[in-house]
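Knowing the structure of chain Y, use the given hints to seat chains B and P on it.
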Amino acid sequence: MLVLQVLVNGILLGGLYGIMAIGMSLIYGVLRIVNIAHGALIMLGAYITFWTFTLWGWDPFLSLPVTILLLFAVGYLVQRCILNLIVRAALYLTLLITFGIEVVMVNLARIAWTSDLRQTAPAYVAANFSVGGLTIPYVRLWVFATTVVLSVLFLLLMERTRLGRAIRATAQELRAARLTGIPVGQIFAVTFGLGAALAGAAGAMWGVLFPITPILGRALTLKSFVVAVLGGLGTMMGAIVGGLVLGLAEAFTATFIGPTYPNAISFGLLVLILIVRPTGVLGRGEGR
Amino acid sequence: MKRRSCWWLASMVLAVAAILAGGIAAGAAEEIVLGAAVSQTGNYAREGKFYVDAYQITIDAINRAGGVKVGGKAYKLALKLYDDQSDPNLSVRLYTRLVTSDRVNFLLGPYSSGITIPASAVAEKNEIPMVQGGGASGKIFDRGYKYIFGTLPKAEFYLQAAVEVAVKLNPPVKTAALLYSNEAFDRSVGEGTRQWLKEHKIEKVYDEEYQPATQDFTSILAVIKSKNPDLILMAGHEQGCLNFIRQAQAADVNPKMWVFTVGPPTADFRKTLGKAAEHVYGITPWLEEMEIGGEIFRSAGEFGKQFHERFGYEADYHVASGAADVLIYKFAIEKANSLDPKKVRDAIASLDVETMYGRVKFEPTGQIAMGQVLIQVQDGKVVPIYVGGKFVAKPVYPMPKWSQRK
Amino acid sequence: MNARRWVPLLAGLAVLVLLAAAPGIFSAFMIQFLINLFMMTILAESWNIIGGFTGYTSFGNAAFFGIGAYTTGVLVTRAGLPFAAALPAGGALAMLFGVAVGVPVLRLKGQYFAIATLGIGETMREVVYNLEVTGAGTGLVMPISRSPLSFFYLMLAILAGATLVNWWLSASRFGYGLIAIREDEDAAGAMGINAPLYKTIAFALSGTFAGLAGGVFAYWITFIDPDAVFKMSTTVQMIIMAVFGGSGTVLGPLLGAFLLSSVSEVLATQLATLAELFYGVIIVLVVLFMPKGLFDLIRRREFSFKYFARNLRENRI
Chain Y
1 MLVLQVLVNG ILLGGLYGIM AIGMSLIYGV LRIVNIAHGA LIMLGAYITF
51 WTFTLWGWDP FLSLPVTILL LFAVGYLVQR CILNLIVRAA LYLTLLITFG
101 IEVVMVNLAR IAWTSDLRQT APAYVAANFS VGGLTIPYVR LWVFATTVVL
151 SVLFLLLMER TRLGRAIRAT AQELRAARLT GIPVGQIFAV TFGLGAALAG
201 AAGAMWGVLF PITPILGRAL TLKSFVVAVL GGLGTMMGAI VGGLVLGLAE
251 AFTATFIGPT YPNAISFGLL VLILIVRPTG VLGRGEGR
Chain B
289 MKRRSCWWLA SMVLAVAAIL AGGIAAGAAE EIVLGAAVSQ TGNYAREGKF
339 YVDAYQITID AINRAGGVKV GGKAYKLALK LYDDQSDPNL SVRLYTRLVT
389 SDRVNFLLGP YSSGITIPAS AVAEKNEIPM VQGGGASGKI FDRGYKYIFG
439 TLPKAEFYLQ AAVEVAVKLN PPVKTAALLY SNEAFDRSVG EGTRQWLKEH
489 KIEKVYDEEY QPATQDFTSI LAVIKSKNPD LILMAGHEQG CLNFIRQAQA
539 ADVNPKMWVF TVGPPTADFR KTLGKAAEHV YGITPWLEEM EIGGEIFRSA
589 GEFGKQFHER FGYEADYHVA SGAADVLIYK FAIEKANSLD PKKVRDAIAS
639 LDVETMYGRV KFEPTGQIAM GQVLIQVQDG KVVPIYVGGK FVAKPVYPMP
689 KWSQRK
Chain P
695 MNARRWVPLL AGLAVLVLLA AAPGIFSAFM IQFLINLFMM TILAESWNII
745 GGFTGYTSFG NAAFFGIGAY TTGVLVTRAG LPFAAALPAG GALAMLFGVA
795 VGVPVLRLKG QYFAIATLGI GETMREVVYN LEVTGAGTGL VMPISRSPLS
845 FFYLMLAILA GATLVNWWLS ASRFGYGLIA IREDEDAAGA MGINAPLYKT
895 IAFALSGTFA GLAGGVFAYW ITFIDPDAVF KMSTTVQMII MAVFGGSGTV
945 LGPLLGAFLL SSVSEVLATQ LATLAELFYG VIIVLVVLFM PKGLFDLIRR
995 REFSFKYFAR NLRENRI
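Chains as they are written, first to last, in the working numbering: chain Y, 1 to 288; chain B, 289 to 694; chain P, 695 to 1011.
Hints were generated in silico from the structure; no laboratory data involved. Wrong hints could be hidden among the right ones.
Stated by the list, open to error - Computed from the model, here is a short list of chain B residues facing chain Y with C-beta under 7 Å:
hint : residue
1    : 329
2    : 333
3    : 491
4    : 494
5    : 495
6    : 496
7    : 499
8    : 503
9    : 507
10   : 508
11   : 511
12   : 514
13   : 537
14   : 538
15   : 539
16   : 542
Said to hold, decoys possible - Reference listing, derived: stretches of chain Y covered by chain P, where coverage requires no fewer than 3 residues with Cβ under 8 Å from a Cβ of chain P:
hint : region
17   : 97–104
18   : 247–255
19   : 259–268
20   : 272–280
Unchecked claim - Listed below are several chain B residues computed to face chain Y (Cβ distance under 10 Å; list not exhaustive):
hint : residue
21   : 513
22   : 530
23   : 562
24   : 564
25   : 567
Here a beta-carbon is modelled for each residue, glycine too, at the ideal position from N, C-alpha and C.
If we strip away everything but chain Y, and leave its shape as in the complex, we get:
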């Protein structure tokens, strides 16, 4: 029974991890940028949802489209105005600049909203139901359902639309994409915007489950790394698979080994995967 409960917990949270990491995988796959500011984008999503809930009473799930649009705009601007300027720079420079952007975002958030703990807590936040000895909080189920919907929508976008095709073309072969007239700068900006939008959605839901602070994103960037690498940096399905794997790994480790071990295990897993199979579970070969 405990095993089943842990399994369910792991899957429900794993879905959220997956959505969190899709954006990072996307940005890496297309732009070859490792986005250290990813967590800050998640944090912004959480705050936006919190404020729309607190000030105007908007339900966190219903206000998702707004959060997504706002974060898309933020991501688009960041890429257009800053990151497009250093896309061809050496790796350590792109890492550094995304770190700088993270620091700026976090500190602006601190100044604007202070470090006080917040939480988006609608009335139904503790409601739960029991089935067969398992207790499942409604919010976790809805979060999982939302992540499924978002994943499907996103995959449809990438596979079935012109924009999606353009993005994938740019990812695969930059020069050819340019030659066929794809406005690469624009595509880059849209891609980053999409990644940010997904991160924002993840943040919106995170803020319903857990407390919100400006430094909420730091640990989540690392988690997103683990998930994205596990599944294969650059593959979207990989992020989802990776998310579920991490969710389950954390749940089982916390329950059966000890609550202080999940992080050690997940980072250890990260290093191990990189050494053994850097392209992750679903990735294509290009690691060494």
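Leaving out everything else, chains B and P in the frame of chain Y:
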């Protein structure tokens, strides 16, 4: 061209050097400066604010009442404050700066044992007294330091009253789950609690540690639920306890009694949780209703009222402890009639005085000897249940299940 | 060897002598600041070896720092070893760790290497968090040492060593080999350079200095806990200092560490949040407008808009 950039570089270096030189300050002559680095941002920001406000209100009150008299002269107290961002490493550097650069007279403490342990090492190294009210772990005081004093009772004893009470209730508690954070204070509480559980023959069905930064308690709760303990004891700081209670509600975990080391006596905690805070037990060495008092603040009630008026929230034991620290300096400096760190240190060590925080008397280790009150949240209010080995009110026990509450 | 090669060395020696006389001149506070400055410079220089010269962006050098700190800490507090023995042990363990970890991880390409080293840094922190011998979450409290001067000279000595190694790298065959690896690893291999060996040595060297700095730090600050010594922001500080000054050069990390440390020290105590914000903005501006660092700016002897604009154009889409 060559010269221009050389000059440019030289002037940059000079500018930086000038800024640095300017960074060496000297204290004003007629003041006694108390220095502290407190968590105003970061994990402990909530609790840190209590200390900042407490220090401020007490210093102002002392100054209004004539200041501190040394050698016939009246000195005003001043506060030099830094933000340690809940980072022990930064705290050490800031305390070093307070001592070497700002040259403050004496030191007040940070919040949390984890930060107090290293910060106090700086004070001891420089032989300057530090009176702190934010660190309760015995580990702060078992290093043989002479200059460190603490006004929070020993962490190891925090949950003793709760365990004592648990076996006296009807039906008595038989099984307990112990959960504590991987941090100095909470590990100390955990160590002590194991002992009390053994003494009172309560079966420990769960004994685990969690990372301080943990947000997600679902796995922990799943295991605890499967063991179905009568009593849950949690040692953590405010944020962790808050999360735990919320998620326990969502996971439908229903112990008969649960106790948290930080949170329940604090208004902020109760307000944030709302109804979920009902029936929660907590511990505090101080309540506004207590009939205690001394100089400057004639009673706990008077202190609480003044504090609420000025800062807009209710004082709790953190606030009272911080205020007491400043009061202790006034009494000790006047007793020693000197500003010499060693003489003041000796005066603090031999102090025995009544204050609005209670009786201040330090054990040889430097930690205060003070009892705690077990409280329960009833109708949103803090109700003392068990003081000095006796029941003073009836607790609501067993706690009604979540599904039966409204 | 012609005389010119020795000029920088002699200049360095002169500076060293000057600094050694510092305790007589400066206040206790300045001494503390200098010790911290020396430490940051050592870290920046250590990163420079693997990141600047060899071109492998390590995002986990804080791991070496932490290993050095904890090894020294554990040996002193649990095994009762004197500091003089524990410190070299810390450096040695950091070096061994660099070799052990370097062999598998240095085979990875740029981004993967960066993430892997980041993962290693984080894993080390979590491991230490869970071990009783390292004090777990409570951390380790070191015995109090009442002579700050000994730390000053120790850090200065390690700094001299790190600078010497950086200087040697800039002028030796081994160093040229590293640069060749950075510029084009396959070509370097074709020319007969044993890339895996060179890279591992560089990584181990980098780790040794960071580890030694960590050991001294532990004893100086009297207390270490996992969050303090395995911080990712320490690694980033190392990198930004090296890059700001000029990564891959000898003077770069020195310049960068001195300037950024000083500014950060002044700001950090006045307005913490604004200071961090400022720090973030600086990082973004540096990467955009002067990615080659201050040293390049000075060396080219041009301080004009054209230089910055040119940098911008070089890297844009």
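Okay, the hints, checked on the actual structure:
1. Restraint check, residue 329 of chain B versus chain Y: the minimum CB separation of about 5 Å is within 7 Å; hint holds.
2. With a least beta-carbon distance of about 5 Å to chain Y, the hint placing residue 333 of chain B at the interface is held under the 7 Å criterion.
3. The interface hint given for residue 491 of chain B is broken, as the beta carbon of that residue sits about 19 Å from the closest beta carbon of chain Y, more than 7 Å.
4. Contact between residue 494 of chain B and chain Y, as hinted, is not supported at the beta carbon level, the nearest pair being about 11 Å apart and thus beyond 7 Å.
5. Because the closest C-beta pair between residue 495 of chain B and chain Y is about 10 Å apart, greater than 7 Å, the hint is violated.
6. The beta carbon of residue 496 of chain B is positioned within 7 Å of a beta carbon in chain Y (closest approach about 5 Å), and the interface hint is therefore held.
7. Residue-level restraint check for residue 499 of chain B holds (minimum Cβ-Cβ distance to chain Y is 5 Å; threshold 7 Å).
8. The criterion of a C-beta within 7 Å of any C-beta in chain Y is met by residue 503 of chain B, whose closest approach is roughly 4 Å, and the hint holds.
9. At about 4 Å, the closest approach between the beta carbon of residue 507 of chain B and any beta carbon in chain Y falls short of 7 Å, and the interface hint on this residue holds.
10. Interface restraint check for residue 508 of chain B: the shortest CB-CB distance to chain Y comes to about 5 Å, inside 7 Å, so the restraint holds.
11. Given the 7 Å rule on beta carbons, the hint for residue 511 of chain B holds: about 5 Å separates it from the nearest Cβ of chain Y.
12. Taken as an interface hint, residue 514 of chain B checks out: its beta carbon lies about 5 Å from the nearest beta carbon of chain Y, inside 7 Å.
13. Interface restraint check: residue 537 of chain B against chain Y, minimum CB-CB distance 4 Å, threshold 7 Å, status holds.
14. A least Cβ separation of about 4 Å between residue 538 of chain B and chain Y falls short of the 7 Å threshold, and the interface hint therefore holds.
15. A hinted interface residue such as residue 539 of chain B counts as satisfied when its beta carbon comes closer than 7 Å to some beta carbon of chain Y; here the least separation is about 5 Å, so the hint holds.
16. For residue 542 of chain B, the interface hint is violated, since its Cβ never comes within 7 Å of a Cβ in chain Y; the closest pair sits about 11 Å apart.
17. Beta-carbon proximity to chain P at under 8 Å applies to 7 residues in the region 97–104 of chain Y; the threshold of 3 is reached and the given coverage holds.
18. Counting residues of the region 247–255 of chain Y whose beta-carbon sits less than 8 Å from any beta-carbon of chain P gives 0, not enough to reach three: the coverage restraint is violated.
19. Restraint check on the region 259–268 of chain Y versus chain P: 6 residues with Cβ-Cβ distances below 8 Å, three needed, restraint holds.
20. Counting residues of the region 272–280 of chain Y whose beta carbon lies closer than 8 Å to any beta carbon of chain P gives 3, which meets the minimum of three for the stated coverage.
21. Against a cut-off of 10 Å between C-beta atoms, the interface hint on residue 513 of chain B holds, since the closest Cβ of chain Y lies about 8 Å away.
22. Proximity of residue 530 of chain B to chain Y holds as hinted, the smallest CB-CB distance being about 7 Å (cut-off 10 Å).
23. Against a cut-off of 10 Å between C-beta atoms, the interface hint on residue 562 of chain B holds, since the closest Cβ of chain Y lies about 9 Å away.
24. The beta carbon of residue 564 of chain B comes within 7 Å of a beta carbon in chain Y, closer than 10 Å, and the hint placing it at the interface holds.
25. Among the interface hints, the one on residue 567 of chain B is violated; its C-beta lies about 15 Å from the nearest C-beta in chain Y, farther than the 10 Å criterion.
When the structure is compared with the earlier hints, violations turn up for hints 3, 4, 5, 16, 18, 25 and for no others.
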